[in-house]
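**Q** Residue numbers (the UniProt record's numbering), protein chains in the order written: chain X, 1 to 242; chain C, 1 to 407; chain Z, 1 to 587.
Simulated from the structure, these hints should not be mistaken for laboratory data.
It cannot be assumed that every hint is accurate.
Here are the simulated lysine-lysine pairs, DSSO-like style, with alpha carbons at most 27 Å apart [stated by the list, open to error]:
id	chain 1	residue 1	chain 2	residue 2
1	Z	LYS206	X	LYS223
2	X	LYS173	Z	LYS503
3	X	LYS223	Z	LYS63
4	X	LYS203	Z	LYS422
5	Z	LYS164	X	LYS173
6	C	LYS320	C	LYS46
7	X	LYS103	Z	LYS286
8	X	LYS163	Z	LYS283
9	X	LYS163	Z	LYS63
10	X	LYS151	Z	LYS503
11	Z	LYS422	X	LYS173
12	X	LYS103	Z	LYS63
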Amino acid sequence: MNRRTFLTTTAVGLVALASGVAQARSISGAVPWEAFAGEPPTPVTPGGWHFFQPREVVLMEAIVDRLIPADDLSPSGRDCGCVVYVDRQLAGSFGEAARLYMKGPFLPGLPTQGYQNSLTPAGRYRAGLAAFDKAVSDTFGGRFETLSPGKQDQALSELETGKLKLSGKVDGKGFFALVLENTMEGFFADPVHGGNRDMASWKMIGFPGARYDYRDWVDQHDKPYPRGPVSILGNIVQAKAG
Amino acid sequence: MKTLLSLALATSALASPATAADLQSFQVEKGHYQAILGDCAACHSKAGGKLYSGGEPLETPFGTLVPPNITPDRETGIGAWTKADFRNTMKNGVGKDGKHLYPAMPYPSYHLMPDEDVDDLWAYLQTVEPVHHAVEANQLPFPFNQRIVMRGWNWLNFEPEPFQPDEKQSAEWNRGAYLVQGPGHCGTCHTPKSALGADESDAALQGATLQGWYAPNITGQKRIGIGDWSKNQIVAYLKTGSNGHAIAAGPMVEAIQDSTSQMKDDDLQAIATYLLSVKADDEDGGGEQPKPLASDDSQMKAGAEIYRTSCAACHGMDGKGAEHLFPALAGSAAVQQDDVSTLIHVILAGAKGPYTKDRPTAPAMPSFAFHLSDEQVADVATYIRNDWGNAAPAVSADAVGDARGAD
Amino acid sequence: MTTILPKKDVVIIGLGWTGSILANELADEGLDIVALERGPWRDTATDFNIAYMQDELRYAIRKDLFLHASEEAMTMRNNTSETALPMRDYGSFLPGRGVGGAGVHWNGHTWRFYDSDFELKSHLTERYGADRLADLTIEDWGVTGRELEHSYDRFEQLAGISGKAGNIDGRIEEGGNPFESPRKRDYPLPPNRMPYGPALFADAAKSAGFHPFPTPAANLSQNYVNPLGVAMGQCSYCGFCERFACANYSKSSPQTCVLPVLMRKPNFELRSNSDVRKIELAKDGKTARGVTYVDTSGREFFQPADLVLVCAYALHNVRLMLLSGIGQPYDPATGEGTTGRNYCYQTNAGVTVFFDDKNFNPFIAGGAIGQTADDFNGDSFDHSALDFVGGGGINCIPTSGRPIQHRPVPKGTPKWGSAWKKATKEAYQSTLSFGVQGSSYAARGNYLSLDPTYKDRYGVPLLRMTFDFPDNDIRMSHYLSDRALEIAKAMGGREIAEARRDKSWNSVPYQSTHNTGGAIMGSDPTKSALNKYLQSWDVANVFVIGASAFPQNAGKNPTGTVGALAYWAADAIRNQYLRNPGKGLVG
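Isolated chain X, as found in the complex:
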C-alpha cells in the first residue's frame, strides 16, 4: 500500500506559526477532517453521588417526587433519574458557573437585568437546601420527607410564591425556580444525561426524540406520528404497532 495515512487525510496545510501560537490554529489550503472526530457526550450512569450529600439526596428525592409525582402518565421524578441528573450537572461545569460572567461588583439588579448573585448554581443548592430543610422543620413541624404529600405540596408552593422565607441570604423564590428548572431539564432531556429514564417523558407527550428525518410524515397532517422515541444513546425502540 502506498498511501500516506488513512486516519488523517486533508491535514494538508496545517501549520503552526513560527513562534508557536499555543492552541490557536492556522489553517490554509485545506478543510480539516479527522477520522473518529467528535465530542460525543459521556453517558451518565446512576450510582453514587457526585455533588449531593446524603441529607441533600433525601430532600431532593422527596422534592422531585412532588414536582413530578408518579401517576398514570409517568413514573416519579426520582424514578426518572431527575436527582441523578441534577447531581451530575452540579458536579460539572454548570454547577461551577463555568459559562456565566462571575466578576463583581455584585449589585442588586432590576428584574430585567437577571440573576446578580455571586453564588454559583452549586452554591445555591447547598445553601438553598439547607435553608429549606430548616424552614420546613420550623414551619411544618417535621422534616420535609416525613410530611404528607399534601403538606409537602404546601411547603413547595409557599417556597415558590415566597411565602416560606428562608434564612440567611437565600432567595427562596429564586431557589425554587432553579430547582424546578433543573428538574424539568432532567425529566425532558435526553436520557444520556441521567434523567428521563426509559424516555418516560417523551413517551408521555409523544416526542420522538433524536430522530432526524420526518420527510415521510410532514404531509400527514393531523395524524399522530407512528414511531416511538429514540435517544442519542442509540436506544432504538421498535415501531409502535399500527
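Since the structure of chain X is provided, determine the placement of chains C and Z on it from the hints.
**A** Just chains C and Z, lined up with the frame of chain X:
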C-alpha cells in the same frame, strides 16, 4: 496592493511553484503530466511539507517504509542523480546506490513507461524547488531490511519490459490498459497480493484489502465491479470524485485529488474503456448472485430501524442519497463487496470525500463509533446490503469488533 | 510582549457569513487574506454529528455552540437613569461563536427588506409628515433597495433559499408575498412542504383576509448545487435548527455554502481561537495599521494589514470600534457622535391557540419552514390614520417540539405536579403558536457604549446596552397583536393566549438575536459611522459589515440583508476601493 500568492504551503502538483513560470519547456510540461499520471506527490509529499520532499511513512506487510525526498537537493534529494540513475529506479527498481527498492515504489508498474516519458518526468523533477530534508527510508525489520532480499523478489515476481499493446484492441483501449497497468499503477491498491507482496495477476483489479480499507473490484464485473457504471460515470468519478451516485472515500480521495482529477479527458476515457473491458464477459459478475436476506430477518429488522434513525436523513429512506453529496447505497457496489472492511471502517470512523475544482464540496460522513455498538453496526450494514435490490451476505458483530479493535 | 507577524493584504475579523463571503470574493482578486476567528474551527461531519446533534440540553440549554458570558459578557439597562449590570448569562439574545458564527445555529429565515425600508426617513416623512416620526431617530441607509437587488440575489443563490417570489419586475406572482419589492427572478428553490401548523395558519389567515405565503427559508426544499459548485441536501424537517448546527448539510451556513471552496484557496488563511482586541490606528487616526489579537493562552500578536474588515457579530463590531477609537462615541445627551448610535432590536409578540382535537406533531419542523403574512409589515399598509410607524410580519413557523423548551400550557396551569403534567401532555400535540416579528425603530436614548465598571477577562470594558422599546414600537406591536388575534380567532381553537409586548426590555427570556445598529451606514457622516459601502467615514481602510450597519431594524430577520450587504461591500472593494486603496469611496 495585490501581492503574489504565497505558494509555500501549496501541496498539490498543479499548484506547485513549477506551474507558473518554469514550465516553459515542452518537455517539463510533459514531465509534469507524467508526475500526475504516476501520482508521485501522493507518496513523496506529506501534509504541510514541501512538494516531493518526502512523504508520510507507509505501512507495508513487511514493515514501515518512508518515501524519500525526490526534489533536486544534492545531499538529501536526487540532485546528484543522473538521468540513467533515474531510469534505472523507475524501470528496474534499483536506486542510485545500486540497492534494490521495495515494490511499495511501484516500479513493477512504472517499468511499462517508455523511456521518453521517464525522461520527461526526470526533466520536470529537476525544476521543482530543491528541499534539504533527509529521509531515512528503510525502517523495515530484519530480514526485510536486507535489500539483497529484493533481488530474489524481483527474480520471482518481476520482469522489466515495456508495455505490449494488444493489436486486436483499439488505440483507446491500449492507452487505457497502459495507464492502468503502467504509470497509474491502479493494481498497487486494487489487485490482491501474494504472500510475497506481488500482484496476483489472475485477479488483477479485483479488489484488495489494505490497512482497514478495501480497495474495491474495479473490473467490468456487474455486481461487485464497476460494470454497471457507464463510461461517462467512470470518467466523472475519476475527474471530480463523484459521479452523482458514488463518492470516493479513503485513500482514493487523494488519488483523485492529486492525480486522476488532473488527467486529460482522453486519458480518463481510455481508462474507463479499459476497466470496463476487464472481466466484462464474466457472466456471473464475480460469483453467483446472492439472494437478499429476508426483510423479517432479525438483523434486517434491527438494521432497518437504525437506518431510519441514523442514516436516512442523508442517504434517504430509498437509499438513493443526494447527488454529489450523499452516496447512493442502493445499487452500490461498494456496499455489496464481499469484503466489508471499507463499509465497517466508514461507519465507525467516518470518511471525507475528495475536493476537486468541479466538485468542491468534499462532503464528509460522521463517525458512528460512539453511537452504535458492534451489533448495531453489523445490523445496519447487513440491512443496507440487502434492501432496495441490494444483496450481499450478512455482516457479523465480530467483524465489526475486529475492525474497531484494529482502529 | 506582542509578536509582530508578517503583513497581509487583508485581515478579516470573524469568520461567519459576512467574513466568509468577503474572504471568498476578495481571494478571487488574488489578495493575501487572513481571517481571525475568536472561536474554534467547526465543520459538519466532525462537529455537528448526526448521532448526537439532537441533544437539546447540551446545545439549546447549555448553549454549547454559543458565546458564553464567561468569555465575553455585556451589561444592560433600560435607560440612562439606571445602572447597567452585566447579563451574567445570555438570555434575550444569543451571540454566536466559532467558525460559521451565528450562521451555524440560526433558523434560516431569509428576507429582503422592502425598498421603502432603505429610504425610511425620506419615505415616511414624505408620506406622513415629519411630525409622525416624533422622537424616533430613523435614517435612510444611503443605499437603496434597487441598488441592493443584485446582492440579495447573490446571497439567495449562494444559500439555496427556498421560497416563492411575490413580485418579479413589478409582476405580482401567485403564491408569493404580494407586498414585496420587485425582484429580478425567483428564489433558487421552491418552497418547502408545509407541516400541519403553518398549513392551518395559512387557511385561517386567508379566511381573515390576509395574504400568507411560504417564508423564504435557508432550510433547503431540494438538493442543490450553489454557484460556487458546493452541494447541499434536502431538509429533513428534523426540528433541530435554531441553537443547533445542521448535521445533514441542509441548512445554509458558511460551512455548507462557502467554506468548502474558500478554505482550499492558497491565498486565504484562517486562524481560529484568535480573539481580536483592537484595531490599531496610525498616528493620524485615519488609517488602520492592522489588528492586535490574543490566542487562547493569552499571547498577544499584531497582525499588520492594508485593509481591515470587521465581520464579527453586530454588537462585537461596535464594541471593537469603540475600543479602537474609530468614530466619535455617540452621546444620547447631545445626540452627537456616531459609534454606538441607533442601536435597535426586534419588537416581538406572540399568540398561542389551544385546540381540543388537533395533532400538530410540533417536532416535524424546520427553522424557517412556515407561513408569513406581510400585510402589516413596514409601510405595506397605510399608517395615515394610525398612531405609529413600522409594522411586522405575522409568522407561523413552529421551529421545534423539543420538550425542555417547548411545553405550552393554558393559562392558570400550575408549573408542577400532576395537574401540570396532565396539561402538558394534553397541550403538547394540540397547540399552535405564531408570532409577530415587529420592526424596531431607532430612538435617541437607545445606544451602545463602553461600560464604566465591568470588564472582560482581559480587563477591558464590556459593551453596555441601553435599550427599551420606544413607545412608537409598543403601539405598533399592539396593533399587530390585534391583527394576529384575528387570525387566531379564525382558527377555531378552544382557547387563545396572548403574549403582548410591553415596555421594559427584559434581558432574561429569549426574544431574538437580531441586534442591529451601532455602526450604521448612511449618507451623512455626522449621523452614520459608515458610508453607503460600509466603509468607515473616519478610517478609510476599515469596512464594518453586518447588522451593525442597519440604521434601524425592519420587521424581518436580518440575515438576508446582512448577506446582501456583504456582497455589496465586496463589490465596492473589488470594483472601486482596490483601484484607489486608502481613499474614501464617498466624497
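**Q** Hint by hint, which ones does this structure get wrong, listed from lowest number up?
**A** As far as the earlier hints go, 3, 5, 6, 7, 8, 9, 10 are violated by this structure, in ascending order.
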